[in-house]
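S.K.: Residues per chain are reported as follows:
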Amino acid sequence: MTPLVELRNISIAFGGIKAVDRVTVDLFPGEVVGLLGHNGAGKSTLIKCLSGAYQKDTGDIFIDGERVEIRNPRDARALNIETIYQTLALADNLDAASNLFLGRELTTRFGFVDDAAMEAETRRIMGRLNPNFAKFKTPVKALSGGQRQSVAIARAVYFNARILIMDEPTAALGPQETQMVAELIQELKAQGLGIFLIEHDIHNVMKLCDRASVMKNGQLVGTVNVAEVTDEDILGMIILGKMPERRGA
Amino acid sequence: MTDAASASPKAPRRSLLQSLEIDTRLLGMIGAFVALCLVFNMFTDGRFLTPRNIFNLSIQTVSVAIMATGMVFVIVTRHIDLSVGALLATCSAVMGVMQVWILPQTLGLGIGHPLIAPATMIAGMATGALIGAFNGWLIGYQRIPAFIVTLGGLLVWRNVGWYLTDGQTVGPLDSTFMLFGGIEGTLGEPLSWALGAAASIAAIWALWRARADKVRHGFPVKPVWAEAVMASLAAAAILGFVAVLNAYQVPAARLRRDFAARGEVMPEGYTEAFGLPISVLILVVVAVAMTVLARRTRLGRYIFAAGGNPDAAELSGINTRMLTVKVFALMGFLCGLSAIIAQARLQNHTNDIGTLDELRVIAAAVIGGTALSGGVGTIYGAILGAIIMQSLQSGMAMVGVDAPFQNIVVGLVLVLAVWIDIQYRKRTGEKS
Numbered sequence: 001m002t003p004l005v006e007l008r009n010i011s012i013a014f015g016g017i018k019a020v021d022r023v024t025v026d027l028f029p030g031e032v033v034g035l036l037g038h039n040g041a042g043k044s045t046l047i048k049c050l051s052g053a054y055q056k057d058t059g060d061i062f063i064d065g066e067r068v069e070i071r072n073p074r075d076a077r078a079l080n081i082e083t084i085y086q087t088l089a090l091a092d093n094l095d096a097a098s099n100l101f102l103g104r105e106l107t108t109r110f111g112f113v114d115d116a117a118m119e120a121e122t123r124r125i126m127g128r129l130n131p132n133f134a135k136f137k138t139p140v141k142a143l144s145g146g147q148r149q150s151v152a153i154a155r156a157v158y159f160n161a162r163i164l165i166m167d168e169p170t171a172a173l174g175p176q177e178t179q180m181v182a183e184l185i186q187e188l189k190a191q192g193l194g195i196f197l198i199e200h201d202i203h204n205v206m207k208l209c210d211r212a213s214v215m216k217n218g219q220l221v222g223t224v225n226v227a228e229v230t231d232e233d234i235l236g237m238i239i240l241g242k243m244p245e246r247r248g249a
Numbered sequence: 001m002t003d004a005a006s007a008s009p010k011a012p013r014r015s016l017l018q019s020l021e022i023d024t025r026l027l028g029m030i031g032a033f034v035a036l037c038l039v040f041n042m043f044t045d046g047r048f049l050t051p052r053n054i055f056n057l058s059i060q061t062v063s064v065a066i067m068a069t070g071m072v073f074v075i076v077t078r079h080i081d082l083s084v085g086a087l088l089a090t091c092s093a094v095m096g097v098m099q100v101w102i103l104p105q106t107l108g109l110g111i112g113h114p115l116i117a118p119a120t121m122i123a124g125m126a127t128g129a130l131i132g133a134f135n136g137w138l139i140g141y142q143r144i145p146a147f148i149v150t151l152g153g154l155l156v157w158r159n160v161g162w163y164l165t166d167g168q169t170v171g172p173l174d175s176t177f178m179l180f181g182g183i184e185g186t187l188g189e190p191l192s193w194a195l196g197a198a199a200s201i202a203a204i205w206a207l208w209r210a211r212a213d214k215v216r217h218g219f220p221v222k223p224v225w226a227e228a229v230m231a232s233l234a235a236a237a238i239l240g241f242v243a244v245l246n247a248y249q250v251p252a253a254r255l256r257r258d259f260a261a262r263g264e265v266m267p268e269g270y271t272e273a274f275g276l277p278i279s280v281l282i283l284v285v286v287a288v289a290m291t292v293l294a295r296r297t298r299l300g301r302y303i304f305a306a307g308g309n310p311d312a313a314e315l316s317g318i319n320t321r322m323l324t325v326k327v328f329a330l331m332g333f334l335c336g337l338s339a340i341i342a343q344a345r346l347q348n349h350t351n352d353i354g355t356l357d358e359l360r361v362i363a364a365a366v367i368g369g370t371a372l373s374g375g376v377g378t379i380y381g382a383i384l385g386a387i388i389m390q391s392l393q394s395g396m397a398m399v400g401v402d403a404p405f406q407n408i409v410v411g412l413v414l415v416l417a418v419w420i421d422i423q424y425r426k427r428t429g430e431k432s
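Here the protein sequences come in this chain order: A and B. Numbering follows full-length UniProt numbering, in which position 186 of the first sequence is assigned residue number 186; successive positions increment by one, without gaps. Numbering follows full-length UniProt numbering, in which position 282 of the second sequence is assigned residue number 282; successive positions increment by one, without gaps.
Heads up, a few of these hints could be off.
[Claimed, not checked] Within a straight-line C-alpha distance of at most 30 angstroms, the following computed DSS-like cross-link-like pairs (lysine-lysine) qualify: (1) A/Lys18 / A/Lys141; (2) B/Lys222 / A/Lys189; (3) B/Lys426 / A/Lys135; (4) A/Lys207 / A/Lys189; (5) B/Lys326 / A/Lys207.
[Claimed, not checked] Label-pair distances were calculated between CB atoms; the ranges are: (6) A/Asp210 / B/Ser19: 49 to 59 angstroms; (7) A/Ser144 / B/Pro223: 25 to 35 angstroms; (8) A/Thr107 / B/Val221: 44 to 54 angstroms; (9) B/Thr297 / A/Asp64: 54 to 64 angstroms; (10) B/Ile144 / A/Ala190: 42 to 52 angstroms; (11) B/Ala247 / A/Thr107: 39 to 49 angstroms; (12) A/Gly174 / B/Ala35: 23 to 33 angstroms; (13) A/Thr108 / B/Ala35: 35 to 45 angstroms.
Derived by calculation from the structure, the hints in this document are not laboratory data. Note that the Cβ used here is the ideal one computed from N, Cα and C, for glycine as well.
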């Protein structure tokens, strides 16, 4: 089976420091792959090559087995790659609908943006993702962390993404909202999306991910099937940079 | 949108303002403006609020107001343009040279050829747009801060204008071109009424369309009486303005001269009103076009998104560098348009045309509620800001305030307006 995404031998250096050093990871349809590691291990940097925010120095990106070039976020979107950034990347001065459709506005037949239609669509998808959401007219800066998160998630899933990148999607959320995101991930997985999940919480990783790729100091420690390892094995990979004993290296 | 109503959704009793959904900031500005007018009117023994003075105020405001609409977009995207006055001078110099020297003499069209005015205007606006685009390229693609690019531009373009004309005053201007200055080109009474009526109908139609759109999607709408009040207010404002301009009579001496020029004798008791100046009509068209651009087009949406969060805009696939070029090109184009009106009003190209306009334009946008931190601003606010600035300046001159105090007051008002704006945003829980 061809992987949905393959990042092969990716390297990026910033001013002589190798942030990502020949890392290879892959992702299959209907699979959640956790990306783990300390702050500064290179997870976010690696994934930004896929989302188009950064440009890799060397290495190749394959989508459905075909080599692609992703030069900017527009290229990534064209390949149905959607990203939920840790910072959420929302325009704080605009309302939920304007953020959800930013860069892909619905227009009337005269080419004007169709705010009413976009608000209606936003109400529809929010009714599914976060039924308590009611502030459709306010700038998103006036929303709570969870509400802002649901706008960011809605934006990523609305446009029929095939590949979803989630950078610590539950970091700023309360327990109830975290549960909501977990359920959403299961649902999207069932729909056949491939999801890269950057996550610090080991319990979330064990619960949500099929495989976990661990990085340390810009290099890949290894990739394991979550079902075959324990919390301690993964912690060992993160802290010591060693593969679990019984699997060998 | 940002008023206090949003803090308590579905409040059972809504205040009058909430029902009408009027922007309280706009209301405050209109209130300040009305107070200003009344005070000046009192101190000038009623000379401030005469049709003649309102007519003059209108035509004096147009040039700065047009540029201020463009400055809103520049400031919303977190940039600044200090070169607009200098750019206006270069555009004016190009147009002066075109219509007085190049077209009639070098190209031999002769004075008064019908092609001179349109060709000149196209050249002026194209010059502005090109220079603006170049500024935008330096800022967006070369990453030089807008402050520096346009501070340099202030010196460069002021003096390119000087060089083009050798510092001379260029004139007399083409007679068609002069129609765009104000007093030389007005629509007269019947046409002004017709346009006023058409504008009122258009405003009511726009309100009705917005309501129909909401109903179609099942969104909450204002009560019908509130819509009716808003529609009446809009129509009354438009028709009231036209009525005032129509009340300004053309002086009898000038009418007699016009009749004499046609070889006729003026009938006894004949009167004629100036009506709507073409320059004011242009400002209205610019205001509507810029508002539609800001609210109803992708470009406008991207301008505000990039101002609110440049990184988010880029990650959403918006080409923010190209966006900067477009915003500055539009600013340059509007400088060219303003140059037409400023030059035609002064009836010559003068070397110092547009001097200090950058300050008036930025002040108009800022007084109008454009936040220098980006992402927030309205076109109508900037125009109202320009009107307030011009009223303040003319009013003080009429009252007889000494020149240094006039400028001191204008400076203080600018700072005060921003302070009030900050307090207002704090009160409404909006980050500035």
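S.K.: Which of the listed hints are broken here?
M.R.: 1, 2, 5, 8, 9, 12
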